[in-house]
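There are 2 protein chains.
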Amino acid sequence: MSEGAKRPLKVAVLGCGSVGSQVVRLLGEQAGDLEARVGAPVELVGVAVRRLDGPRDVEVPDGLLTTDALGLATRDDVDLVVEVIGGIEPARSLILGALENGASVVTANKALLAEDGPTLFEAAAKAGRDLYYEAAVAGAIPILRPLRESLAGDKVTRVLGIVNGTTNFILDKMDTSGAGFSEALEEAQELGYAEADPTADVEGFDAAAKAAILASLAFHSRVTAADVYREGISEVTAADVASAREMASVVKLLAICELSPQGVSARVHPAMIPRSHPLASVHGAYNAVFVESEAAGQLMFYGPGAGGSPTASAVLGDLVTVARNRLADTRGAGESAYADRAVLPMGETLTRYHVAIDVDDKAGVLAAIAQAFADHGVSLQTVRQQGRGEDAELVVVSHEARDAQLSATVRALRSMEIVREVTSVMRVEGGDE
Amino acid sequence: MSEGAKRPLKVAVLGCGSVGSQVVRLLGEQAGDLEARVGAPVELVGVAVRRLDGPRDVEVPDGLLTTDALGLATRDDVDLVVEVIGGIEPARSLILGALENGASVVTANKALLAEDGPTLFEAAAKAGRDLYYEAAVAGAIPILRPLRESLAGDKVTRVLGIVNGTTNFILDKMDTSGAGFSEALEEAQELGYAEADPTADVEGFDAAAKAAILASLAFHSRVTAADVYREGISEVTAADVASAREMASVVKLLAICELSPQGVSARVHPAMIPRSHPLASVHGAYNAVFVESEAAGQLMFYGPGAGGSPTASAVLGDLVTVARNRLADTRGAGESAYADRAVLPMGETLTRYHVAIDVDDKAGVLAAIAQAFADHGVSLQTVRQQGRGEDAELVVVSHEARDAQLSATVRALRSMEIVREVTSVMRVEGGDE
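Residue numbers (UniProt numbering), protein chains in the order written: chain A, 1 to 433; chain B, 1 to 433.
Simulated from the structure, these hints should not be mistaken for lab results.
Careful: at least some of the hints might be erroneous.
Estimated spans, in silico, between C-beta atoms of each pair [what the hints assert, rightly or not]:
#, chain 1, residue 1, chain 2, residue 2, range
1, A, Gly28, B, Glu183, 23 to 33 Å
2, A, Asp360, B, Glu186, 48 to 58 Å
3, A, Gly17, B, Glu59, 31 to 41 Å
4, B, Asn101, A, Ala125, 25 to 35 Å
5, A, Glu195, B, Glu195, 48 to 58 Å
6, A, Gly63, B, Glu100, 33 to 43 Å
7, A, Val58, B, Ala368, 52 to 62 Å
8, B, Ala248, A, Leu191, 20 to 30 Å
9, B, Ser93, A, Asn101, 16 to 26 Å
10, A, Leu191, B, Gly377, 35 to 45 Å
11, A, Gly63, B, Ala404, 46 to 56 Å
12, B, Ala31, A, Arg384, 25 to 35 Å
13, B, His283, A, Asp53, 47 to 57 Å
14, A, Glu122, B, Gly128, 28 to 38 Å
Every residue gets a Cβ at the ideal spot worked out from N, C-alpha and C, and that includes glycine.
Work the whole structure out from these sequences, hints included.
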């Protein structure tokens, strides 16, 4: 500990949108507490914005605003850079510039980390500086630090996360009101939970970036967004949600990261989980991450997954750690990609399917359907017939099988003469196998 | 970063009971991963036990067992000491001896930390070594690290915890089966969730120790077990639980830590919380800690609160951090008791009461009861009459008032002629005031 180092630590904030403005606000309001926790004053020395006269949620002290983000990020007197611009460029160049110039960096940029994390981690290691990014996954919920530090003596085997608030709001709405997808999306847009163009959320791109980050940390491997299998929720129907309800389950968009003897897998898709599962009671736009590890067992972390102020809280938590490390002239636990495990393709991943099939109600139908599963090497957990005659429906839940076997089975079912329609296909997670 | 420091870090484990044996097991099984995460081998050099020939859940390598705990804790070649003996002495002397001799310490000892934490923290600061204790509160759940580090840039205003698995199992059983306290306790004892002498759990002593630790960390103040108001669950009746159910609530034993302009408060008592509250769905022997902060909002941390293997996971997580700090010749964030806030007595704490009153069914009864509350300066949220004649019962839920005003009101009710019996008195938490 460098006891004498009481000179202020100088902070540059890049971006002053919904998160940046709250970071600036907290740096001002919490100045006294931050100094006590860091051991030195934390001084805001600049805020990079696109336009000096843009509207802002916070009053930035005179003379601190600049449109020269790179100049600010690489100023020689800046110790700590907070990047909350988002997106790939110019964020990447700014972070790399800051690290090369000797600053430590805190970022909330999930897209960049998921696409090109290794480049950033290597730059941080080379510079001997910290790169922290708790705010990039699940907003205010402390999840990366527990994975990296609290569980460092344990072996994480599985991470199941509700990591996108927009889709959770929509699915929760469909579950509680019986609404269809479009109707629920419209309400989410009206309430500000979904963007005018909801693609990034609804099609699972946002969740996939977070899944890549979670899998990398949980399994000490390099997993990028391109490795993550992705299905969104736009195809989820009111019938799927009703079908889940009949199974005492609920449909959630899950980010699923798994460790197996063959390697790691990371995927994002809607899935049915039992209502008794802790993730089932995550409502509205809240996020939660459920972690299974060998020694600790089952843990869950719950909280607001987005929003300027919660995300800023996570940024400030990182900032305190990074500042303390800076004072002590050390670094925190860096990325540990030592495990270097293979990333399994989706087809090789073990999953379970729930399939509802509209069938002709005649003798032998159930046997024929069961045979179709058996032909693909898939064994069944339950087969249930609902209704008779015109309304006859079979609901099948499989045991675990390779996803490729299961999807091939569904294709085969669709071509069978006795099958009028496959009305619902959804993976099942979070139950006992 | 001392890149060259690849000599093994030497670990002594004090105690080889349910937690210690799992720490020893994980140190062996996870040796490769631990080395990768720490940056140097982590070598077990001794295990202190009471009797060399006692039964043990783990095979301790030859020559490592000793009955001389102090000798082991203060051996000059020991870098890291894990204390999992529990209790006040000899644990305190061992920890102090280890720190004075230059070792860093990881402990799971909630009783000692709650009673005499400051002595330990000062010894650690003086020695320039780490004292970590994640395992002391809520077993495997990472809660101390998030409070101390992730929320370091935020202001925590409230912590509500289910931090004792035994009492949660009993109350959950009473809720789901309608059983009385004694019956539920008996089942908990049969299943191994409660000790033969269940006093420490059932009367809230265990939870009170954890409340003291949580309040100290959350509010950067010194709060000891003696500062914590404590009521156990042995007086909770099946009628209380049924009454909660009628309010769409559930009874939980809560550790409650609050920050107010007047100071901090820490208390442990049974309380009704709405079933919609995230803590309401914490079942069986699970623990969870719900945190409210100014910027992050509402967070919850959930998991197994006890057990050898989960607790050992938390110990190992700390061990990795402490070992890394040791290699880097630095210390982690120490205790920050800078805030030095007053600890409010229970009577000054703001609470809400749910009171069920068996009354004579005649005109003016409701008004008289309402007046009794008003006389003590307590305003009411709802008054509801149930039944008629002999079975007439009034159920009153107050607004927030000082606990002393509320308990004085209940005393006054008991002396009123129209009151046959006050059948249930319980505090209400987790709702909107």
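Going through the hints against the structure:
no. : hint                             : result
1   : Gly28/A to Glu183/B: 23 to 33 Å  : 56 Å, violated
2   : Asp360/A to Glu186/B: 48 to 58 Å : 56 Å, holds
3   : Gly17/A to Glu59/B: 31 to 41 Å   : 57 Å, violated
4   : Asn101/B to Ala125/A: 25 to 35 Å : 34 Å, holds
5   : Glu195/A to Glu195/B: 48 to 58 Å : 54 Å, holds
6   : Gly63/A to Glu100/B: 33 to 43 Å  : 51 Å, violated
7   : Val58/A to Ala368/B: 52 to 62 Å  : 54 Å, holds
8   : Ala248/B to Leu191/A: 20 to 30 Å : 25 Å, holds
9   : Ser93/B to Asn101/A: 16 to 26 Å  : 50 Å, violated
10  : Leu191/A to Gly377/B: 35 to 45 Å : 40 Å, holds
11  : Gly63/A to Ala404/B: 46 to 56 Å  : 53 Å, holds
12  : Ala31/B to Arg384/A: 25 to 35 Å  : 49 Å, violated
13  : His283/B to Asp53/A: 47 to 57 Å  : 55 Å, holds
14  : Glu122/A to Gly128/B: 28 to 38 Å : 32 Å, holds
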